[in-house]
Amino acid sequence: MPNIVVPVLRAQAEVWKSDFDAERDSRERLHAEKSQLENELKQLQLRNQQLLDEMENFSKRQFQEMQQRHANQGFQHSLQQHLRVGQQNHGSPYQPPTYTTQSYPGPAAGAGAVYDNRSTNMTMGQSHGGSQEGEELQQFECPKCNQTCPDMDTLQIHVLDCIDQDMT
Numbered sequence: 098m099p100n101i102v103v104p105v106l107r108a109q110a111e112v113w114k115s116d117f118d119a120e121r122d123s124r125e126r127l128h129a130e131k132s133q134l135e136n137e138l139k140q141l142q143l144r145n146q147q148l149l150d151e152m153e154n155f156s157k158r159q160f161q162e163m164q165q166r167h168a169n170q171g172f173q174h175s176l177q178q179h180l181r182v183g184q185q186n187h188g189s190p191y192q193p194p195t196y197t198t199q200s201y202p203g204p205a206a207g208a209g210a211v212y213d214n215r216s217t218n219m220t221m222g223q224s225h226g227g228s229q230e231g232e233e234l235q236q237f238e239c240p241k242c243n244q245t246c247p248d249m250d251t252l253q254i255h256v257l258d259c260i261d262q263d264m265t
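My numbering puts the first residue of the sequence shown at 98, with every later residue one more than the last.
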């Protein structure tokens, strides 16, 4: 009997060894696949974060552009309305004040504007006798200090500076 037991035990040991080797190979393949999937996951997470950052930056940029467009339009409109209401006498029609050369010696004088020496009104037109000579410019006045400005942009800059002076 001992001769029969040894070959059976050897055959059984070979089966166990082949099972053990197959299981080890399987674990190694699973580990390699897991490592590959982890690397892919990290790359996908990085790409996802990049796309989220790009989307957030794009959204912020669009929102800021929209705010600037609407803020400028809204600020101009509300400032114009405020100036008109502030300059009106209640119960009388709106009469825009005339711009005098003494009230604002700004840079607009050289930008196509002509000062009429016979009166204190500023007129639009070209210095060579344009078709718009004689038309009065709309005057813009600071609601706080009553400084007059030749255009809305200059007034907006002045109003922001004028308000900032109070805060400091």
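Everything labelled a hint here was simulated from the structure, so no lab data went into it. Please note: incorrect hints may appear among the correct ones.
Unchecked claim - 35 Å max Cα-Cα, derived DSBU-like pairs, lysine-lysine:
| id | residue 1 | residue 2 |
| --- | --- | --- |
| 1 | K157 | K139 |
| 2 | K131 | K114 |
| 3 | K157 | K241 |
Small disclaimer: the values here were computed from a predicted structure and weren't measured.
* To do: Would you list, in rising numerical order, the hints stated earlier that this structure does not obey?
  => The structure conflicts with no hint, since it agrees with every one listed earlier.
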